[in-house]
Every structure is written in structure tokens, then in C-alpha cells.
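Chains as they are written, first to last, in our numbering: chain B, 1 to 295; chain R, 1 to 254.
These are computed hints drawn from the structure, not numbers from a lab. Values in this document were obtained by computation on a predicted structure and should not be read as measured data. There may be inaccurate statements among the hints.
Per label pair, the in silico range of CB-to-CB distance [claimed, not checked]: (1) P285/B <-> R145/R: 32 to 40 Å; (2) I138/B <-> E139/R: 50 to 58 Å; (3) P285/B <-> Y31/R: 24 to 32 Å; (4) G157/R <-> L132/B: 55 to 63 Å; (5) G47/R <-> Q89/B: 38 to 46 Å; (6) A128/B <-> D87/R: 52 to 60 Å; (7) D2/B <-> P142/R: 54 to 62 Å; (8) R145/R <-> S270/B: 46 to 54 Å.
Rough simulated footprint, nothing fancy, chain B against chain R, three-plus residues with beta-carbon under 8 Å [to be verified]: (9) 62-71; (10) 85-94; (11) 100-109.
From the derived model, a few chain B residues whose C-beta atoms are all more than 12 Å from chain R [as the list claims (entries may be wrong)]: (12) I112; (13) T123; (14) V135; (15) Y259; (16) L263; (17) G275; (18) I276; (19) F277.
The C-beta atom is built at its ideal place from N, Cα and C for all residues, glycine as well.
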Amino acid sequence: MDFLLSGQLLFAALVLGSVYAVIALGLNLVYGTMRLLNIAHGEIVMVGAYAAFWGFSLLGLSPLVALPVVGVLTGAIGLFLYGTLFRAQLAANKPVAQLEASSLLLFFGVSIVMQNLASLAFTATPRAYQHLDTVYQIGGVAMTGNRIATLVVSVAILVAVLLFLNRSIYGLAVKALIQHRDAARVVGINVDRVQTVSILAGFGIAGIAGALVSMAEQISPFMGFPFTIASFVVIIMGGLGNIVGGIMAGFLLAFIEIYAVALTSANFRSILIYGIFVGILVLRPQGLLGKARRS
Amino acid sequence: MSSPPISAKTTMRGRTTMSDFFSVRDLHVGYDEVRVLHGVSLTAVEGGITAVIGSNGAGKSTLLRSLCGIVPIGSGTVSFEGRDVTDQSAERLVAGGISMVPEGRWIFPDMTVLENLRVGAINPRARAVKDETLQAVMEMFPRLRERSSQLGGTLSGGEQQMLALGRGLMAAPKLLLLDEPTLGLAPGIAKQIFKILPDLTALGLTVVLAEQNVSKTLSIADYAYVLENGGIVLEGSGKDLLGDDAIRTAYLGH
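Only chain R is shown next, with the shape it has when bound in the complex (with noise of 0.2 Å):
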């Protein structure tokens, strides 16, 4: 399947331009022989939700962590706040605003809560913020305060999600990468994360949101782009999506 031109749609909003906050153009991402996204192009909606849905092994994961640094870019171009950001480490990423939260959460199981949040702020703009940041997120995971002291490790599925989420916003990001924050969660949990996300838009975070949930995504999302075979074959506002035809068949099953 190959991707279709950038719709008019997105040109009209002026979203092609390098001043955006950011945006991703054309981007090539493989491991070895195997190439995963060819020619990836997506927008995120300042202050927004922008959502890439897709199946299991579209190139979700593979797109979230080449931008966060940690999977390199092949060919193409990120820009982050109007400047290239394509080939920065991950550290200087984290450092400039851009925070993961990665499926299957990725949290340090030998160190307590409390240190996952503090190494969290390990950059030197969080650090400076770092006691505010702390109460902030406590404030918004009551959980994650009355376990501080025990061991990521130990935490169950949903906890270590909401570990994992308040670790990287202890980075005081601009814009939050969230790799499928649901996944693998019980539906309660995965209800109250789904209710959590627009209030991180509200602190005046971007975020950019993978997930395999599409019905629950695409209802909170501004914007969002259907992921298939490592290319970009949909793409519209969430509302839009959600009445697609295309989509209902393949993602809703009705």
C-alpha cells in the first residue's frame, strides 16, 4: 500500500512549513535489511492530541522511537519548534522538550518510585523545576505517592503505566510521546489513562499518541494518521475518522 499525497486538507492549515511546532517529513526508518517506514510525513497539533492509529507492526512503535531518538532516522527530516532536530541523540532531545513514554513502560524495576520520577528529571531544564514537577505529578497519581518508597518492579501493570507516564513528564516536555499507554491494561486503568490524556493538553503539553485502541483514541485525538504497512494511508480529525467508512471496517469491526 503505498502512502497518498499530503492532502489538501493539511496544506490548507499550513501545517508543511518548518516553523511548525512540530512535524515530521518524509521519514525512512529500518533496522538492518529491513525497512519499516517509508515515507512518513505527520504534523502534531500544538497544545493538541494527535493520534497515529494502526495494527500491531504497522511501524507505530518504530515511528514514536525514532523521534524520540533511540531507533535512528534513516532519511528525512524532524522539526521540533521550527528547528531540525533529525539526527539529535536522544539526550539532547529530552534536553530540548521532547519525552517518552514507551510501550511496554520501560520503568527501572530495582529503583523505588520515587527514584524513577527523580531520574526522570535528569535534564538540566527539569532539573531546575524538579520539586514543582514532583508535586504536580503526585497530584495527579495519587498511587504513585503512597508507593514512593517501593520498587518499580513491584507495582502492578497500571502503575507502573502511570510510572512511566509521570517519569516522562517529569522531564517537563513540550511535547509528550506516548507509545500505546493502554496496552496490555485492565479496562478500568485503561479507561482512567484515556481520561488523563487531555488533561496534559490543558498543562499546554503536544502530545502525539500510538494506539491500538481506535475508537477511544480517535474520540480524544485532534488529528490522526491510520498507520498501515510503515506508511501514512489516512489521515483526517479525529471526529472524521471515527465516521469513516475505511476505518470502521478495518479497526471497528462494524
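Next comes chain B alone, as it looks inside the complex (with noise of 0.2 Å):
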């Protein structure tokens, strides 16, 4: 049992935990200021790895370099559907149950579009490069360059996004609109604008996680439903809307991921995953973090 105690474990679990913080943030953030369910959330990851996989591969652009592209082209891809799709009902105040409903419906047809496309213009075979994969020996731990840029880049994403949420008046309007829709609006909080933000910010941080992501792993029309459901996992286990608590979440499903997978095999990540959504939204549905939510 000495092996779960060594760095390389622990290493990789920060790496994947940064990941799932990110992308779940993202979702968090659409989900609590809107209350849309989105299930194409994965997919915005699969576009961002693409948008990285061709930058570098046609133009020789390092990811990292194309980090802030990506963003506001996954970013834009959010405006475009909340423009077209989202708006409107928002605006009408719709109830809750009928937002997070349609919206559940509309972005499943999102995502089976996106993947459709993705398969027709980059077929479906999986692809990969190489990038920033020399390896460092830090204390006996052996860290590929492109997993350290992941793991700094996306705690940087976490720090920034903390400290615009806590400091900054926008930001604080952002976890109002959250906490108390009516109450946003009666203080005098731009709706419309605080919720294009919030959907260009969990679009573009969705599709700079795709980017780091990309440098590491294979790339695939498909790859999107796993990053999908681990991030519902990990907004449920934080707490719908509760954004300190999915950040956590992300590194604790992570962590349990990956010092299981440790224990048993790589064929049991899927149960493991399943397993823990379920057993959450059955004994904690507030998630484990969250209290019981006011209507």
C-alpha cells in the first residue's frame, strides 16, 4: 500500500482535481446565475482541444500561447447560444424548474450537434501531439512540462476567478444574481449583463480546460460526456451554485478518482464516477458542501 503515499499519486491527483475545479466552475457559473443545466458543457471542452490541436498543429501555436483565442472563441460560442436560445426566456422570468427543463433539452440537442460537426469536419479518429512533454524530476516525482502548465494555469484561473467574485463589485453582483435572483434585481443589478458575462466566462474557462487538456491526452469528437458528467458530479457535490464548494468538490472527486483507480483498475473510473453522483443525489441531494437550499 506504500505506492498511495507517493508524489506521483498526489501530483496527478492535483493536476485532474485543477481540471474538474475549472470546468465544473464554468458550468457553476451558468448554472447559478441562470439556472441552465448545461449538458453540452463537455462539449465547449472538446472544441477548446480541437481549437489548441489545430492551432498547433497548422500555425505551431504553443496552447498556452493560444490559451486566451480559445477562451473567447468557446466564450463567443456561449453568447451566440444565450443570445439565441436563452435570452428571451430569461427575460421573462420564467420559473426555475421550466428554465433548468428546456434548457436540459436544448443543450443536449447542442451537444449532439457539436459532436456531429466535430466528427464531420475532424472525423472521428482520435489525434494527439506532442507539446512540452519533457519530463522534470521534482523530490522524486516525475512531472511532465505540460501537466505543470495545466496544474499552474488552472489554479491561476481558480485564484483570479475567487478574487474577481470577492473583490470586485461586478463580482459580487455575479454571486448575487446566484444567491437571489428578485433581490439582484431589486438592488438595482444589470441582469442581462452580469448573466453575458457569466456565460462568456464559463464558455471561455470551459474551453481553455479543453486546451491543457489537449497537450496531455487524445482528443476526440467524443471526449466531452465524461468532462460533462464529472462536472455535474462536481456541482452537485459542492452544492448547485455554491462556487467555493464545486472548487473543492472538483479536487476531492479527483482525488477519490484517482487513489481508487490506484486501489482496483482504470475499468472501475466509470462505476467509481457514476457511483458517487448517485450516492450523493441520494443522501446529500444539497450536495455535501451546500446546505438545504431556500426556494
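With the hints as a guide, bring the two chains together.
Structure, rendered in C-alpha cells:
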């Protein structure tokens, strides 16, 4: 059992945790501010991964340099979907249950369209490229450059978003909208603008996470689904709309996944994640860290 | 019950012109198929307290929510400082100087007291004076200063009401809409709230207050309207209504 204490597993869990936390943060922002269940969130990660892949393969652009461009690209997809599918519904103050249901169906459609468009355009064959794959030995732990970069960039994004939410008046407006929509309107928050910023940020950081993932993993048009599931598990674990809880849950899920897989085998990964999902929904639907929600 | 025509008293005071500070004319509001307000007209006493009293379900909350822009107005006009603001968004109304303290307080439960107050001053006019306003709010409610780093959701009901009031004031309003500020509070705290309201007008604020606590409300109101089944059935100065037999029977129980 000594291998459980190895720095190697710890490093792997930290990298995966930071990626889960970032992807789930995007999902949480979109759900929290608008109550939209973005079941196509993993597809945005996929688009980000392909954007980084083509930037690197065709233009020789390092994904790290391309990150802002990738973020703007996927953020723009979010803005487009917001403007065409959701803005009017949100402005009409539809009940939460209706928003959740209609967004779930709409995003399901979006997800299928995006998977198939990507298959048509890029073929279904998995792809990969090599970038920053030098192995560094730090404290007896072998780390590839791209995984170190992934960890550093992800943590930087998490810190930046948390600082924004807690320090800036606009960040407070985002938190206010998440916590009480009508009260946010009462105090004079421009709800449409906060929603625009949230969907831009939520989709943007999902794309950036995809670009980071693409450096170390194979990418394919169907890579998104596991990320969708993992991020839903994470935000439910952390309490829907609870930003800090979601970040902590991202790391928690990664630690459970990495260590449990190390103890058993990779075949159990899906069973494990779905098991945690079902377990939380049954035992503690408000999330491990969440309080029971007021309506 | 149909609403009586605007009384001669009101017309004599000249409160029906559009140059009024704040007035509402023939307001109709409903949710989907349900009509809640039919033809409500009222004028706020500038720099004073104007009360809207009535029983539960009479439409007081709907009236105030439509005035602050979070429930859409069906028809009628709302004018503020001589301008028609009927169809303005909540955001623009707050920016223009109308601030609402909603029934049920609606504080942000997972934000600290200080964050709740800061976000109250999000409109540009309020942001320019936020430090001074914060100082004034903390002086008015010393309890909020003590609890400033505590989460809003952990406060007692009375403290949450103070926070909601403070947050409303942080918007640097000219007109404050107060919806049932003492609902569900212990009598002692309700008394405290009623004591503070006249102080607000001393600061130059105009207050429109919806309340179920009729006797307390009428004793501090400069003018009051009685709302029943979505229409104004009676109006007059607070003192006059306190002495009105119909009011005494219907609302004061003696």
C-alpha cells in the first residue's frame, strides 16, 4: 500500500482536480446565475481541445499562447447560444423548473450537433500532439511540463475568479444573482449584463480547460461526455451554484478517482463516478458542502 | 368593491399633475390571468411617509413590486420627478433614485453583511457616495457594524430587516419603498423599525410604506391609502384614518 503515499499519485490528483475544478466552475457559473443545465459543457471542452490542436498543428502555436484565443472562441459560442436560445426566456422570468427543463433539452441537442459537426469536420479518429512533454524530476516525482503547466494555469484561473467574485463590485453582483435573483434585480443589478459575463466566462474557461487537457491526452469529438458527467458530479457535490464548494469538490472527486483507480483498476472509473453521483443524489442532494436550499 | 373617484381633497392639494415627485395613475397589474391591481392611483408626500394599508392579499406587495420594476405593469402611468418611468427596468429605477426594501427581506444569505451593503450601492450615483452612505447606515444600525463580517443568512430576523433597510439605503435613494418591514418580527424590534422610519424622512427621503400593522403605520404616516381587493377604497391623512370608523372596525378591531 506504500504506493498510495507516492508523490506521483498526489501530483496526478492535483492536476486532475484543478482541471475538474475549472471545468465545473464554468458549469456552476452558468447554472448559478441562470439556472441553465448545460449538458453540452463537455462539448465546449472538446471544442477548446480541437482549437488548441489545430492552432498547434497548423500554425505551430503553443496551446499556452493560444489560451486567450481559445477562451474567446468558446466564450463566443456561449454568447451565441445565450442570445439565440436563452436570453428571451430569462428576461420573461420563467420559473426555475421550466428553465432547467428547457435548457437541459436544448443543450442536449446542442451537444449532439457539436459532436457530429466535429466528427464531420475532423473525423472521429482520436488525435494527439506532443508539446511540453519533457519530464522533470521534482522531489522524486516525474512530471511532464504540460501537466505542470495545466496545474499552474488552472490554479491561476481559480484564484483569479475567486478574487473577482469577492473583491470586485461586479463579482459581488454575480454572487448576488446566484443567491437571490429577484433581490439582485431589486438592488439594481443589470441582470442581463451579469448573465452575459457569466456565460462568456463559463464557456471561455471550459474551452481553456480543453486546450490544457489536449496537451496531455488524446482528443476526439466524443471526449466531452466524461467531462460533462464529472463536472455535474462536482457541482452537485459542492452544492449547485456554490462556487467555493464546487472548487473543493473538483479536487475531492479527482482524489477519490485517482486513489480508487490506483487501488483497483481503470475499469472501475465510470462505476466509481456514477456511484458517487447516485450516492450523493440519494443521501445528500443539497451537496456535501451545501446547505439545504431555500426556494 | 370598486375604487371611489379620486377625492376632492387630493385634487385640491394639486397632487394629480405630472410635476409631482412621485405619483401613480390608474395602475393595472396582473400575473398571467390573475388581475391583482385594477386602477390604483396614489401620490407620495414628498419628504414624508405615505402608507398603503390593507389586509393580506389586498395587493400591497404587488403594488410595490410593480413600482420598483420587478413585476411588469399592465397599464397606467408612474411618474417620478416629473418624468414618466412606467416601463423602466428595475436597474434604471434604482439608478434614478427609487429603492425597494422587499417583503421577506431578500438579503443575500451567503454574502457577508458588508458585502450585502456594498452590492446595494451598485448603481453609479450610489457608488460615488458609498463610503459616506455606509458610514451613515452603520450609525443608524450599530448592530450591522458589529456583524459586518458575518454571513447574512446567519443573522436574526430583526437584524436581517436592518440589513435589508441598510442595503436599500446604500442605493442612495430619493424614494424608498418599504414592503412590510415589520412582518414576522418580535414586537420590540418592530417598534424599533417604526421609530427609525420618521428619521429617514428627516434625511430628506420620501417613503412609501406598505404595512399590515395599521395603527402604528397610521400614527407615523403623513397620508395613507387603504387598499382592498386591488383598489384604493379610502384615503386621507394618517390622523383622519385613525379616527375613521370603518378603519377602526375593519383593521383595528374596535
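- Task: May I ask which of the numbered hints given earlier this structure violates, with the numbers listed in increasing order?
- Result: Violated hints: none at all, because every hint is consistent with the structure.
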